[in-house]
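Protein chains in written order, with our numbering: chain U, 1 to 113; chain E, 1 to 109.
Note that these hints are calculated values from the structure, not bench results.
C-beta atoms are modelled at their ideal positions from N, C-alpha and C, and glycine is treated no differently.
There may be inaccurate statements among the hints.
[What the hints assert, rightly or not] Derived CB-CB ranges, DEER-like:
1) K18/U - P109/E: 48 to 54 Å
2) E77/E - V52/U: 43 to 49 Å
3) P109/E - D59/U: 34 to 40 Å
4) S8/E - D59/U: 16 to 22 Å
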Amino acid sequence: EAQVTQNPRYLITVTGKKLTVTCSQNMNHEYMSWYRQDPGLGLRQIYYSMNVEVTDKGDVPEGYKVSRKEKRNFPLILESPSPNQTSLYFCASAGTGTPYGYTFGSGTRLTVV
Amino acid sequence: GQSLEQPSEVTAVEGAIVQINCTYQTSGFYGLSWYQQHDGGAPTFLSYNALDGLEETGRFSSFLSRSDSYGYLLLQELQMKDSASYFCAVWNRDDKIIFGKGTRLHILP
Numbered sequence: 001e002a003q004v005t006q007n008p009r010y011l012i013t014v015t016g017k018k019l020t021v022t023c024s025q026n027m028n029h030e031y032m033s034w035y036r037q038d039p040g041l042g043l044r045q046i047y048y049s050m051n052v053e054v055t056d057k058g059d060v061p062e063g064y065k066v067s068r069k070e071k072r073n074f075p076l077i078l079e080s081p082s083p084n085q086t087s088l089y090f091c092a093s094a095g096t097g098t099p100y101g102y103t104f105g106s107g108t109r110l111t112v113v
Numbered sequence: 001g002q003s004l005e006q007p008s009e010v011t012a013v014e015g016a017i018v019q020i021n022c023t024y025q026t027s028g029f030y031g032l033s034w035y036q037q038h039d040g041g042a043p044t045f046l047s048y049n050a051l052d053g054l055e056e057t058g059r060f061s062s063f064l065s066r067s068d069s070y071g072y073l074l075l076q077e078l079q080m081k082d083s084a085s086y087f088c089a090v091w092n093r094d095d096k097i098i099f100g101k102g103t104r105l106h107i108l109p
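Chain U with its partners taken away, still in its complex shape (with noise of 0.2 Å):
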C-alpha cells in the first residue's frame, strides 16, 4: 500500500530533550516537506526536500532540523524543543512532477511541557 509513515504519533516531551519524528515513503517521492498545523493558522511549511540531499527552508523553519539521506525518509529533529512546538506535524510527499498532490501522513501530536 502506497503510503507515508510518520512515527510516532503521539509524544510527550520535556523542554529541551532533543526529539526526532521519523517519515518514510514507500512511493519513490522526490518531493518531501514536514508542516505542522495549529488551530486557526492552518498548515505551516517548515522545510521541505526536492530529492535525496537537498533541503529548503519553509516559512516557519526556526527551532527545526532535517536531513534527507535517502530518498525514502525525511526525518524531523528538534534539538531543543520549546513549549510554542507543540503541535500538530504532518509529513507530507509527492513526485517532483507533481507536488501538487501530497500524500500525507497520519500526523504526530507533539506536546512540550
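Dock chain E against chain U, hints included.
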C-alpha cells in the same frame, strides 16, 4: 508576501451545492490545489488547477482564474460525510506549497 484567503466557516444543507472560495497572493504561481481534512485525520488531496477553467471529479469541481488570483471548490449533492475542513494551497516558483487557513464546512440535515 504570500497569502491565501478563504472563509473560516461555511454552512450548507444536505443535498445542496456549496462553493468555497480562495484568493491568493504569491510570487510565481504554478497551480492551486484543494485538500479535505476530517477531524482527527490527515489532509487528503482533492484536485489541482494549473490552467484557467473548471476541473470536475465526481461531485467535486475546482475552478481557477489566474488573472483574478482566485479559485473555488464546488461540492454538489452534499452528504453528511462531506462535513470537514477544506484547504486551498498554492504551488509557487520556489517550489513551496503554501496552505490557506482552511474552511470548516458544516452540513445540516
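I'd like to know which numbered hints this structure contradicts. Please list them from smallest to largest.
Nothing - there is no hint that the structure violates, so all of them hold.
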